[in-house]
Structures are given as C-alpha cells and as structure tokens.
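Heads up, the sequence shown is in the working numbering, so the first residue is 155 and it goes up one at a time.
Worth flagging that the hints you see were computed from the coordinates, not collected in a lab. Keep in mind that a hint or two might mislead.
Straight-line Cα separation of at most 30 Å, DSS-like style, residue types lysine-lysine; simulated pairs [said to hold, decoys possible]: (1) K180 with K267; (2) K373 with K180; (3) K180 with K609.
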Amino acid sequence: MNYYLGIDIGTTSTKAIAVSSTGEVKSIASREYPLLSPHPRFAQQDPTVIFTAVLESVQEVIQQAKLSSRDIAAVGCGSAMHSLIVMGADHLPLTQSITWADTRSIKQAEALKQSSNGISIYQNTGTPLHPMSPLTKLLWMRDCEPELFRNAAKFISIKEYVLYQWFEHYVVDYSIASATGLFNIRTLAWDKNALELTQIRADQLSEIVPSTHILRGMKAQYAEMMGLDPDVPVVIGASDGVLANIGVGAIASDQVAITIGTSSAVRKIVSEPMTDPQARTFCYAITEDQWLIGGASNNGGIVLRWFRDQFGLPESKESDAYDRLIELAASIPPGAEGLLFLPFLSGERAPYWNADARGVFFGVSMRHERSHFIRAVLEGILFAAYSITTVLSDLTEANQTILASGGFARSAISLQMMADLFGIEVLVPEVFEASGFGAAVLAMYAMKEIDQLEKVRSMIRIRDRHVPNLQFSEQYHKLFERYQRLYYQLEPEFSRD
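Please model the complete structure; the sequences and the hints are all you need to start from.
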C-alpha cells in the first residue's frame, strides 16, 4: 500500500502525518518552536529552527509508522500564511521569519486603507489591508529599514524557505502567493500595482506554480536524515487554510469549515473570486477555478485559556481544567442570563479589522457567578466566528453544514452551542489535524491516486453530529444583534488614549 506524508508548518509547531492511500492515519508527529518578540509589535521566528522541526517531525512520523523510504509515494506541504523572510544574494536569510501576528506595520496598513489606492489593491489581491499582510510589512521595511530593503535578493515565505533548502529552487503555490497581498487573484500573476506600491520587482519573488506542482531531486543529506528517497515526489501543496478545508471535506460551496484553535477561522471554497465591498473578508486563489473566501478571528481558544489561567477552578488538575469549566457553562442557559462578552482580548481581524478592540463583559449583575462568565466567554468566541459567516452570506449561497475542527471540536458542549448559534448541523471528522491530512490528500490528487479532491469525503469518518435547537437559534440571533450593536457603539472608545 502507498503512504502519503502531509506536512503542516504552523505558527507554534510543525506537524507531520502519515496517511494510507485509503485515508487511514498511520502516525502523527510534531515539533514546537517559540515565537520571538524582541520589541513591542514584533512576532517572528528563526527559520533555521523551523527547518529543523520539519526534518525531525518527518523523521519521527516515518519511524513511528515503521515505514521505509519505498513506502512513501509522495509528500504534500502546507504552512501558515502571511510570513515574510528577506533573503540575501547568498541565499541566506537576512531576517527572521516575520509572522502574521507581527503588527509593526500598523501605520502603513492604516495609511494604505485610507488611501485612494487601498480598495483597488484589496479587490485585485483579495488580501485585507492589515499588518498581517506581507505587502504592509514590505512598506514598513521600505520606510524603516531602507538598507535591509535595498540588500534584499528575495522576499519569501517560510514554506518557500524550506523548499529552497531541499531543492535550491524558489517556488510558491497560488494560495501562499495569494496571502501576500502582492498576487492578483484574477490573473494569477504578481500584481503590477502592488509591486509598484512596494517598489519591488517580480524577480525578487518566487516562481508561481499550481498547488499540484511536483518537485524532485531533494538534497541527499536531508532525504537521508528524514528517511526519504531523494527522488520522492514533493507536492508543493497550499496554505494551512486551504488544506484544512480539504482535510475536513468542506469542498462544496454550501459547506463551511470552521476551525477554532488558538485563533479561529471561517472558510469556504467557491468557483469564482469574491471580494467584499467593505473589505471585511479574504479571497485567496487555490487553482485556476477555485478560490477560498472567509475570515480569521484573533480570539479563539486563547481567550478560553486566559479565563482558565485567571479565573479557573483552583482545585482542577491541568488535564481536566477546560472540561470542568465547560461543564459549568453547560449548567447555564443560552445567553448566560443577560451576560454578554465581546472577546477581543487580542484586538480583532475579520470582520472588524480593529487592532485596538478590547474585551468587554456587558450586563454583569449580582446574580452572575463563575459559571455565567464561562458561558459568556464560550458564546463570545462563537459570536466572533458567526460574525464572519454573516459577511460571507452576503457574498455566496447559504451554508447547509459546518465541518468543525480545532481544539473547540473536542467538546460536545461547545459544538452543540455552535450548532444552536449557527442554526445548521455541525459535523466533526475524526481527524483533528485537518491541515496535515489535507496536505496528504492533495499529494494523492497530484499523484493521481485519486482523480478528484471530492474523493476525500469517502476517506473521512464523521465522529459526531450536532443538530441545532432552533428555539435556541432564534434566541442567539437576537443576542448577536446586541453583540453587534455593542461593538459599534464602543468602537470609538477602543481607539481613545
């Protein structure tokens, strides 16, 4: 039997997964690494550390599965979006890998947003005008690090860096290119206006290739270290967002994938590029006839972790702290008896794109106990995700099902709350590592092991289903209207000194 490896180079760790040609997960391995913040607003990582994590996670996943190099039919690659590394003429990095969480370009992003050029850049590239975007990072670098900017030979992402180490060739897939703010989602080429704005050349960026593009001839030292054949086909793959949709089977236009991990994201695949007139959502190219639309929220499980750390139960053990809190929340009716939470502890991306937004508990009274607060926190996290779907509903057809993944998907109570709020059925696949699984499936497709991506549905086992209580749905939708009103009424206050 053939086996396929999926690699997911994430913000906090790299995960590798070995999958059989029938979709059976043989093994999973991961390596963590730190996020470096030497100055305020900096969020970067050492690309050499990440490269080592990739080598070690692949080596471990092959050893765990007891596979030989002959068993591996292909490797598929995925990574987080929006990273930026400046490479010198000697092909060594001049910077760390600047991640999506880096906000040093906030002034450049705001200036572009207010300019006459801003909306056309967004409409052409599909990338929101925000400090996460490599486009605004380049504007910051041009303004604040001019010597570094002049010395740059290449501007690449972390996945491009890994692939260059293996093959000494700079290539980038449509979806990672799309997330730079420099790629035209309609022409599928580097956008001339974006290049002029940033004052960089197309030859300073990688060659653009489809997500099914295959690389061969890996450097022998790295292949041997990982346990691979140097000639193993390496499929360039896509971004973690695209691969998460593939990994849970959310490919039809009436299906939406919702991932709530540290942060959260709402995504769906459509057959034509769709941008929002108010620039609230992203639109990233996948293939010549598929695009990914959606939005990401800063405030997912990280908010729940904050509540656990500050207000958790002292007697709880580390292993069951979340379960105990969620059980408390289940004892409280929907709406937390009038307590509402705006979860913006880390500012917010979609749909508000407001780095100054902050968390707010509203409606606190003497009757509210710890259990009410945790219920309100869970509902606030879900309201943040739901606010993105309300924007998507203006652009595309209604959703019939949700495919859920991430840490939130481990709790039946949280998932039922999601179904009740969204008012549609929530399906939970068995495989939690959706992006890595999606990378493996995309490799199968590139190698013609499967003839269409939709075949992934036959590989996925649904672990759980949650049908909405429509009475609760109606109640939640009224609460969401209040949630929206509160945000817009408080918006001017968030930005005041």
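Status of each hint after checking the structure:
1. Proximity of K180 to K267 is assessed by CA-CA distance (about 47 Å); at most 30 Å being required, the pair is judged violated.
2. For the proposed pair K373 and K180, the alpha carbon gap of about 26 Å is at most 30 Å, so the pair holds.
3. A hinted pair counts as satisfied when its Cα atoms are at most 30 Å apart, and K180 with K609 qualifies at roughly 19 Å.
Hint 1 from the earlier list is the only one contradicted by this structure; the remaining hints agree with it.
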